[in-house]
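Trainee: Since the structure of chain U is already known, use the hints to place chain S on it.
Sequences listed follow chains U and S, in order. Sequential numbering of the first sequence, starting at 1, is according to my numbering. Sequential numbering of the second sequence, starting at 433, is according to my numbering.
These aren't lab readings, by the way, just hints derived from the structure by calculation. Here the structure is a predicted model, which means the values were calculated and not measured. Hints may contain errors.
Using C-beta positions, here's what the derived DEER-type ranges look like [to be verified]: (1) GLU672/S / ASP39/U: 52 to 60 Å; (2) ASN836/S / ARG412/U: 32 to 40 Å; (3) ARG301/U / ASN804/S: 58 to 66 Å; (4) SER175/U / LEU435/S: 55 to 63 Å; (5) ASN836/S / PRO46/U: 52 to 60 Å; (6) PHE491/S / PHE266/U: 18 to 26 Å; (7) ARG527/S / GLY374/U: 48 to 56 Å; (8) PHE491/S / ARG412/U: 26 to 34 Å; (9) GLU672/S / ARG418/U: 50 to 58 Å; (10) TYR423/U / SER731/S: 25 to 33 Å; (11) ASN372/U / SER757/S: 53 to 61 Å; (12) SER757/S / TRP239/U: 47 to 55 Å.
Note that beta-carbon positions come from the ideal geometry of N, C-alpha and C, so glycine has one too.
2 protein chains.
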Amino acid sequence: MTLKISRMECIACGRTYETEETRYRCDCGDLLQVVHDLDRIGSEFPDLKELFEKRKESFDLPYRSGVWRYHELILPDLPRRKIVTKGEGNTTLYRVEAISRAFGVKNLYLKHEGENPTLSFKDRGMTAGVSWAHFLGMKYVGCASTGDTSAAMAAYAAQVDSMESVVFLPYKKVSPEQLAQPISYGARTLSLDTDFDGCMNLVQRICKHHPLYLLNSMNSFRIEGQKAIGIEAVHQLNWEVPDWFVIPVGNAGNVSALGKGLLELFQLGLIDRLPRIAGVQAQAANPLYLSYKTGFSESIRVKAGDTCASAIRIGDPVSRDKASSIVKRFDGVMAEADESELMEAKAVADRAGVAVCPNSGVALAGLKKLRNRGEIKESDTVVVICTAHGAKFSDVSVNYHTGNLPKLQPSRLNAPLRLPADYGAIVKALDL
Amino acid sequence: MTLKISRMECIACGRTYETEETRYRCDCGDLLQVVHDLDRIGSEFPDLKELFEKRKESFDLPYRSGVWRYHELILPDLPRRKIVTKGEGNTTLYRVEAISRAFGVKNLYLKHEGENPTLSFKDRGMTAGVSWAHFLGMKYVGCASTGDTSAAMAAYAAQVDSMESVVFLPYKKVSPEQLAQPISYGARTLSLDTDFDGCMNLVQRICKHHPLYLLNSMNSFRIEGQKAIGIEAVHQLNWEVPDWFVIPVGNAGNVSALGKGLLELFQLGLIDRLPRIAGVQAQAANPLYLSYKTGFSESIRVKAGDTCASAIRIGDPVSRDKASSIVKRFDGVMAEADESELMEAKAVADRAGVAVCPNSGVALAGLKKLRNRGEIKESDTVVVICTAHGAKFSDVSVNYHTGNLPKLQPSRLNAPLRLPADYGAIVKALDL
Numbered sequence: 001m002t003l004k005i006s007r008m009e010c011i012a013c014g015r016t017y018e019t020e021e022t023r024y025r026c027d028c029g030d031l032l033q034v035v036h037d038l039d040r041i042g043s044e045f046p047d048l049k050e051l052f053e054k055r056k057e058s059f060d061l062p063y064r065s066g067v068w069r070y071h072e073l074i075l076p077d078l079p080r081r082k083i084v085t086k087g088e089g090n091t092t093l094y095r096v097e098a099i100s101r102a103f104g105v106k107n108l109y110l111k112h113e114g115e116n117p118t119l120s121f122k123d124r125g126m127t128a129g130v131s132w133a134h135f136l137g138m139k140y141v142g143c144a145s146t147g148d149t150s151a152a153m154a155a156y157a158a159q160v161d162s163m164e165s166v167v168f169l170p171y172k173k174v175s176p177e178q179l180a181q182p183i184s185y186g187a188r189t190l191s192l193d194t195d196f197d198g199c200m201n202l203v204q205r206i207c208k209h210h211p212l213y214l215l216n217s218m219n220s221f222r223i224e225g226q227k228a229i230g231i232e233a234v235h236q237l238n239w240e241v242p243d244w245f246v247i248p249v250g251n252a253g254n255v256s257a258l259g260k261g262l263l264e265l266f267q268l269g270l271i272d273r274l275p276r277i278a279g280v281q282a283q284a285a286n287p288l289y290l291s292y293k294t295g296f297s298e299s300i301r302v303k304a305g306d307t308c309a310s311a312i313r314i315g316d317p318v319s320r321d322k323a324s325s326i327v328k329r330f331d332g333v334m335a336e337a338d339e340s341e342l343m344e345a346k347a348v349a350d351r352a353g354v355a356v357c358p359n360s361g362v363a364l365a366g367l368k369k370l371r372n373r374g375e376i377k378e379s380d381t382v383v384v385i386c387t388a389h390g391a392k393f394s395d396v397s398v399n400y401h402t403g404n405l406p407k408l409q410p411s412r413l414n415a416p417l418r419l420p421a422d423y424g425a426i427v428k429a430l431d432l
Numbered sequence: 433m434t435l436k437i438s439r440m441e442c443i444a445c446g447r448t449y450e451t452e453e454t455r456y457r458c459d460c461g462d463l464l465q466v467v468h469d470l471d472r473i474g475s476e477f478p479d480l481k482e483l484f485e486k487r488k489e490s491f492d493l494p495y496r497s498g499v500w501r502y503h504e505l506i507l508p509d510l511p512r513r514k515i516v517t518k519g520e521g522n523t524t525l526y527r528v529e530a531i532s533r534a535f536g537v538k539n540l541y542l543k544h545e546g547e548n549p550t551l552s553f554k555d556r557g558m559t560a561g562v563s564w565a566h567f568l569g570m571k572y573v574g575c576a577s578t579g580d581t582s583a584a585m586a587a588y589a590a591q592v593d594s595m596e597s598v599v600f601l602p603y604k605k606v607s608p609e610q611l612a613q614p615i616s617y618g619a620r621t622l623s624l625d626t627d628f629d630g631c632m633n634l635v636q637r638i639c640k641h642h643p644l645y646l647l648n649s650m651n652s653f654r655i656e657g658q659k660a661i662g663i664e665a666v667h668q669l670n671w672e673v674p675d676w677f678v679i680p681v682g683n684a685g686n687v688s689a690l691g692k693g694l695l696e697l698f699q700l701g702l703i704d705r706l707p708r709i710a711g712v713q714a715q716a717a718n719p720l721y722l723s724y725k726t727g728f729s730e731s732i733r734v735k736a737g738d739t740c741a742s743a744i745r746i747g748d749p750v751s752r753d754k755a756s757s758i759v760k761r762f763d764g765v766m767a768e769a770d771e772s773e774l775m776e777a778k779a780v781a782d783r784a785g786v787a788v789c790p791n792s793g794v795a796l797a798g799l800k801k802l803r804n805r806g807e808i809k810e811s812d813t814v815v816v817i818c819t820a821h822g823a824k825f826s827d828v829s830v831n832y833h834t835g836n837l838p839k840l841q842p843s844r845l846n847a848p849l850r851l852p853a854d855y856g857a858i859v860k861a862l863d864l
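Here chain U stands alone, though its shape is the one from the complex (with noise of 0.2 Å):
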C-alpha cells in the first residue's frame, strides 16, 4: 500500500486524522482542514506545469474538467476511477472594455462561475465532496440548503449508480427554481417543519450518528475542489499572479479555499509571489467585515438581514477562521456594499453581457469601493470571482430594470416598452 500523501488537520490544534475517517470536525470542536504533504507532490510530480498544459490538449474527462486538470493539487490520493465529474470549470476568464471602464481597472477580469453546470461555483467544490464519498463508499450524502449547494450535490451523487442523495429544506421557503434541480436529479428532498438553521442543526445530528455523509461546507474535501477556481485562474494567465482576486464572502468557505490552493501553488515554486485578497460582504450580513475592522481581534456574529444577494445572507459564517488567517496571510481586505452598490455593480456586469448574480454585485461594488479609495489601482490587475449566474435570479434583475426594488433607484432603468403592433408607431419609437 502506497503512502497517503494528505490527511485532515485541525484547524485550531492541530491534531491529525486520517482522511478516509468520516469525521466533519476535530474532537475539540474546530473545523478540520485537508492537508498535503507538499514536498511529496513536488518530487512526485516535478514538472505539473507541463502535466496541466499537457491535459489541455485533450477533451477526455476527468481530466478536461477544470478541477480535475489539477488533480495532484486536489485530492492526489483519490483514485482516477473514483472521479465523479461533468467537466466543471473551464469557466470563461471574460475581459470586457466596458466592465474595465467603468470600475477604472485597466486589468480587470471577470472569473465566471456561472457558467458551471449546474451553474454555479459550486459545482468545483462538489465534484470533490461527491468523488470523496464514492472512494469512501458512501451510500448516502446529505446536506441542508435552499439553493447552489443542493442543485449541485444532487446532480453529483446522480451520476453515481449507488449513491442516494438527501437534501433538508424548510418547509414553504423554497421556491420552484431552488426545488426543480434536486428533484429532478432524484435527489429525496424533505420538506421541514422549520427554518433554514433547524435544517442545517438537524442534518449535522443525523450524519454523526447515521450513514449519510455530509456535505455543506464544513466537509474540508469540499474546499479542494473549490480551490481549483483560483488555480485555474492564475493558469489562464498563464501563471503570471494578478495584484488581486475579489471574492464575495458569506460562509466563507470560497475565500478560504482560494486562498489555500494560490498558497499551495506559491509553496510548490508554481507561483513566484501571492497576489493579495479583497473579501466582500453585503452590509446586511457583514460579519467578518466588522470583525476585520477589529483587526479580527473580535469573531463577530451579526443578525443577517434582508438582501438580493440571498446566498451570502449569512450573520455566523461557518469558515471564519479559515477565512481570517487567509485574509491576513494575504495581505488582504475586506469591504462591504449596500444594495444599492451591489445591484448598481450587477447591472453593469450585465448590461456588458456577463449575466452574474447579486453575490457577484457585491464583489464589484467592492472593487469600486477599493478603487476608489486608492487601495486598488488603475494599473493593477485584478481578477473578481462571480459565483453563479444571472439566469438563477430572474426576479431580482426583472424588478431592478423596471424599478420595482423596495428603496432602490436604479440608474439603469430598462423596462419594456408598451407599444400597439404598428409598423409606424415602432418606427418612430426606435428612432432608427
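Mentor: Coordinates of chain S only, in the frame set by chain U:
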C-alpha cells in the same frame, strides 16, 4: 483585396449574392444559405485537423471557443478582430451508464448545449450572427423571440460598445425568466399588443426597410455558427463519425445547421462517412414529421398545440426545405414524441445528473422509439443533441415530479416529503 471564400446562395433558385449584402431572402422569396469554396479552404488550409488540435491547447479567446476553434469552416472571410465571443461551445459530451441502459444503446452520448453562456445552443448561432453584424458595421440588431434567441442576441450584442439590440415581444405573454436576460443585457425591449407571429411579422418588415439587422433564424450566418455543434461533437469523438445524430426539430434551423456542417466535413475529407440523422418533433407541433411520412412530397403546416417543449412549438417551420433536404441526404428519419414520452425521457436524463430542457426530452423520446423499432441498434454509436439547460424550465420539472402536469401520470414522482423538525421522525423516514 483577397477574393472572398463565401457567398450567399438561394436554396431554391441558386442565385448568389455577396455576403456583405444585408439580405435575408433571395429576390425569389426563398431562404439563402452561406456557401463556402471548400476547394479553396482545403488548399489554403491543408491541415485543418492539426490546426484545430493546436487550438485546443490554448485558453485564449477567440479560439478557445467551440465555434471559433473551427473559424475556417464557420465564416472564413470574417477577420479575427471582429469576432464577438464568450467562449461558447466546449459543452460536455456526456456518456452516462444509467442513460445508456435506459435507452438500450451502448455508446450513447448526450451533447449538452445547455452548458452554453446563456444556457442554450442559440449562443453558437449568435456568436456568428452578431460577429457578422459587427463586421458589417451594424449599429442595431433585432429579433422577435420570447426565449432563448432574444437572450443570446442581447448577450452578444452587449459585448459590442457600438451596437444596440432590439427585442420584439408579445405583451403579457412573457415570464420574468424570459424577460430578465434581454433587459439585463440592455436590449431595448418592445412589448407589443400582438402575439408571437405578429412580432415576427413586424420585425421582418422593419428590418427590410431600416438599418436594423435581423437575427431571427432566417439569418443564414447564424446557421454557420450553429453547425459547430456537430463539428465539435465529431472532434470530441476524435473524428470518428457516430452512426446517428438525434436532434429535436422546431423551426428546423438546428437540424439544417447540423447537416450542413457534417456535409462540409465530409466534402473536405475530415471525416470519411456521413452519420444518419434522426429529427424528432413534439406530437403537438409535428409538421415535418407528417411531411416525412409522405416522403416529403407534401409540405405540411399544422396549428401547433400546447406542449411542454415550448421552444419547438412551431407549426410552420422557417427552415423546412433546408431540413427536409438534410434528412434525405443523411438517409435520415423523423419521429415524434407525445407529452408523456418527452417528459419521461427528460426525467431519465435529469435523474442521471444531466439536467436538460423538454425539447431535449423530445430527442431522447425519439431515440427510444427508433431503438424500439430496431431502426437504431444497441451497438450503434449515437449522439443526442440536448438544446437547453433544464434550469430554464423549473416549473415544468416541479410539476412533473409533484404530479401536477395535466393528464400526465409521471413514472418518477419525487415530491418533497413533509416532516416535522424531529430527529427521530427523519431517521425513521430515511431508513438509513
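Trainee: Taking the hints in turn, state whether each one holds.
Mentor: Do the hints match the structure? See the list:
no. : hint                            : in the structure
1   : GLU672/S / ASP39/U: 52 to 60 Å  : violated (43 Å)
2   : ASN836/S / ARG412/U: 32 to 40 Å : holds (37 Å)
3   : ARG301/U / ASN804/S: 58 to 66 Å : holds (60 Å)
4   : SER175/U / LEU435/S: 55 to 63 Å : holds (56 Å)
5   : ASN836/S / PRO46/U: 52 to 60 Å  : holds (59 Å)
6   : PHE491/S / PHE266/U: 18 to 26 Å : holds (21 Å)
7   : ARG527/S / GLY374/U: 48 to 56 Å : holds (52 Å)
8   : PHE491/S / ARG412/U: 26 to 34 Å : holds (31 Å)
9   : GLU672/S / ARG418/U: 50 to 58 Å : holds (53 Å)
10  : TYR423/U / SER731/S: 25 to 33 Å : holds (29 Å)
11  : ASN372/U / SER757/S: 53 to 61 Å : holds (60 Å)
12  : SER757/S / TRP239/U: 47 to 55 Å : holds (50 Å)
Hint check: a violation occurs at hint 1 only; the rest are consistent with the structure.
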